[in-house]
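Place chain B on chain A using the hints.
Chain residues, written in single-letter form:
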Amino acid sequence: METHDQPNMANDRSEDPSKTIAQRMDRVSDSAQQAWDRTRGAVTDLKRAADIDGRVRRNPYGTVAAALGVGYVLGGGIFTPLTARIVGLGLRLGVRLALLPMLKDQISELADSFGGEIETNKGRRGGAKAPKSGER
Amino acid sequence: MEMTEQIEATVREVGARVRPQIDEAKRRLSSLDETVTEYIKENPGTCLLGALAVGFLIGKIARKA
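For the protein sequence lines, the chains are A and B, in the order given. First residue of the first sequence: 156, per our numbering; consecutive thereafter. First residue of the second sequence: 235, per our numbering; consecutive thereafter.
Same shape as in the complex, but just chain B:
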């Protein structure tokens, strides 16, 4: 029982220590997602042409490899 309690306490402690970092990472990812989405919506032509070019290059590289 003591062993289980110790493990539980350790897990709780680690969780409490890691939780703020996870929350921060979540917040950053969400902000990045918003930024990227906004950029794509504001510059659709550029993004599509860029994606087309990147895809073309990857295709060329895959063909050569």
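Next comes chain A alone, as it looks inside the complex:
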């Protein structure tokens, strides 16, 4: 191996340095072009696979919000006081929004039942009195 390498090295040394630099530049440029093409291909494949264009067309604000959220998580903002505050606020709002209709229903049912009882009591009283007046 060494015997083969020595003549090559000697050849390299004897070559024009500007030619070598140009060749290296060409190689670097080719590999950069290949890397760029591969990246573009990967991004296109990802776009096609995730149907990003379709999602953006169907729900533009939602997709942007999702990207914002992903960025926030990637930025390390998930276990922070700000997240805790936002989650707390969301939970409070959600609970209120979920509980209010339930409470409203319960109260209206209670009111209905009370109203019904009052009506029946009135009816009973009226009914009890009516026969008396009828008797009279």
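The hints are simulated quantities; they were obtained by calculation from the structure and are not laboratory data. The reader is advised that the hints may include incorrect statements.
Claimed, not checked - Covered stretches of chain A, as calculated for chain B (at least 3 residues, CB under 8 Å):
(1) 184-194
(2) 206-212
(3) 217-227
Please read these numbers as outputs of a predicted model, since none were measured by experiment. Heads up, the beta-carbon is just placed ideally off N, CA and C, and yes, glycines get one too.
What follows is chain B alone, placed relative to chain A:
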């Protein structure tokens, strides 16, 4: 009764004065919404990458704070 009528008249007057401004604001908001939606639809990659970057920055700031 007179007091109630006066209040009603004032409210009606204020409503009539403010209504055009509210309508204008509504129209502007609707136009802005259309513009933003169109822009996002035309440049999805840019918008998503931008949103990702903004989210990343907010996350970093929240982590430091």
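Evaluation of the provided hints:
| no. | hint | verdict |
| --- | --- | --- |
| 1 | 184-194 | violated (count 0) |
| 2 | 206-212 | holds (count 4) |
| 3 | 217-227 | holds (count 9) |
Hint compliance for this structure: hint 1 alone is broken.
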